[in-house]
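Participant: In case you want the letters, here they are:
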Amino acid sequence: MLIAEGLRYTYPGQSSPALDGVDLVLRRGHAVGLLGPNGSGKSTLIGVLLGLSRPQSGQLRSPGDIAPTIAWVPQDLALYPQMSCRENLAFFAAMLPLPRGEQAVRVDEAIAACALAEFADQSSQTCSGGVRRRLNIAVALLARPDLLLLDEPTVGVDPQTRGFLLEQVRALVRRGTAVLYATHYMEEVEAVCDRILLMDQGRVLAEGHLDGLLRGDGDGPAFDSLEALFMHHTRRSLRD
Amino acid sequence: MLSLRQALSIAAKEWLLLRRNPHGLAVLFLMPAAFVLVMSFALKDTLTAHVDMPATGWVVEDRSPVAEHWAREWQTRHGMLRLDDRGALHAALRERRVQAGIVVATGWLDGDAGPRADRVELWLGHPVQPASAARLRAELSFSMLQVRMKMAASAAGPFASVLLSEVGNEELQPTAAAVQVRYLHEIDSGRRMTAVQQSVPAWLVFGMFFVVIPIAGVLIQERRDGTLPRLQSLGVGAAALLGGKWLAFTALNWVQLGFMLLVGRWLVPAFGGDALSLDLSIGWFLVMVAATSAAAVGLALLIAAWTRAFDHAAALGSGINVLLGALAGVMVPRMLMPPTMQTLSEHSPMAWALDGMQTVFLGAPDAAQIVPKALLLVIFGGLCLTGAWWGMRRRGSRH
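Chains A and B supply the protein sequences, listed in that same order. Heads up, the first sequence is in the numbering used here, so the first residue is 1 and it goes up one at a time. Heads up, the second sequence is in the numbering used here, so the first residue is 1 and it goes up one at a time.
Do not take every clue at face value.
[Claimed, not checked] Partner residues aside, some chain B positions facing chain A, computed with beta carbon under 8 Å:
(1) L2
(2) Q6
(3) S9
(4) K13
(5) L17
(6) R20
(7) D225
(8) G226
(9) T227
(10) L231
(11) Q232
(12) S233
(13) L234
(14) V236
[As the list claims (entries may be wrong)] Just a sample of chain B residues kept apart from chain A, beta carbon distances all over 12 Å, derived:
(15) D52
(16) G107
(17) F310
These are calculated hints, taken from the structure and not from any lab test. Glycine included, C-beta positions come from ideal geometry on N, C-alpha and C.
Please build the complete structure, drawing on both the sequences and the hints.
Facilitator: Here it is as structure tokens:
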């Protein structure tokens, strides 16, 4: 689906790189959990994969040179609060290269997928945090993406909404979507992802099948939880 | 094609957001309308050649019969309030029963040498306009000259004295008020500059430049909430983003225009002011509005693209607009500025807009008057838009 090789990116005016030779493979029907402490480079990696930032070195390529449709669920609620849920969806759908009739189909589809029918005509600023999180994901689904990049999509939601969102992501993976799921919640990675990419200071510390990494396949030690694995690699010191 | 469709959708979204932003609409419509109304009355007599004489109170300390005669003559000619002493005069000024006071001090009549100007004091209350004060001084000087002439005639002999007293007041009336003052633009249009004719284009231009408030509001909200990078991730480029906003706010400028014309044509007269004359050269008018809009929206986008917070953009945008407006003669007409300030004001984009607009509003403009101003505005708008585009791209690459 998408292969990243040796990605290196340094922000203007910064001396140390935010990404330092990151390799990543995203496959159809698989979800990769992107883990790392604050400032480890997760959001920068997502920005580079989206094309919002151009890496100074390294490359992104797709097998067969067919560029996948990539959609992004940002950590922020990237919505227009003055507009209703439907108006938000219709606006973002209008940004896609779709005929007008198809745009309406995609909006209805996204509303149904994220259970937003009840709130469709409600101003998004008056909706609960959980509804807005669902709308945030619904906007990404408009593109029917081959690859979905989720950046901490469940921040600040109740367990019910979290369960719903995780089930939606699992359903997408089952339907063949490639997913990169960045989060600080280990249990979400365990629930959704079959592989992980653990980063710190722009470098990849661990990458592979979740079960294999926990078992310590190869030379590595075994861990009784993902959090233990995370702390082992990233140490206990506080970050930015 | 996709970029154009994206730009149109962004423009439609801007209108939707604007309709739901009553504060932004108030800044764009009510503020300039209120200013037109207020300034049309505040400047009512400032822009006309006619200057009213202020109501005066007189204190005659000089006990000579000539002084008494002079005061009576003034009373007949202009009317006045006769007061006993300076204290009474000061009280009348403070209470605004009179606007100006004249004290004919002891020693005013210097024997055969005649009246002494340095023994006349002119007191002015706060509300007296400089032009009215100047007219009062001129009338006083002339009136004293008349006294001097009569005294000279009296000294010359009985015949001259009688002759002069017969023709007296009527023939020696000051003639300044009868002189017809004409402005150059009347040659072409026959139209006179009135306060409403000055205020509507001035505050229309000012209001058009205030699109910086809603533009910055939306753009900074988009950056803060993450919708801007989200749009960029959907393949929306800086050109479509800026183009959509440009379209929306240019259209808004045209709505402002319609609203301000209504205010000048119907609201100001409803309050007793002059009506705005709409006998305009439509073609040149549209050229000037389009060019002004290009400059206004370009500057607003530039400020919005390079500021981080709405507070900064609002303060910077308002400050720049007020400064450009003051320089351009929006608040105080340029004709009332000293020559140095008038020269300086020629460097304000609002002055280019205002000059062109007023030329249109005064009737019969031609290409030589309009095209250079319109070109300057379009170039200014283009440079601002380029700066905004650069700023958007720069911020986009820093995501």
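Participant: Now look at each hint and say whether the structure bears it out.
Facilitator: Structure-based check of all given hints:
| no. | hint | in the structure |
| --- | --- | --- |
| 1 | L2 | 5 Å, holds |
| 2 | Q6 | 5 Å, holds |
| 3 | S9 | 4 Å, holds |
| 4 | K13 | 5 Å, holds |
| 5 | L17 | 5 Å, holds |
| 6 | R20 | 5 Å, holds |
| 7 | D225 | 6 Å, holds |
| 8 | G226 | 4 Å, holds |
| 9 | T227 | 5 Å, holds |
| 10 | L231 | 6 Å, holds |
| 11 | Q232 | 6 Å, holds |
| 12 | S233 | 5 Å, holds |
| 13 | L234 | 5 Å, holds |
| 14 | V236 | 5 Å, holds |
| 15 | D52 | 52 Å, holds |
| 16 | G107 | 77 Å, holds |
| 17 | F310 | 14 Å, holds |
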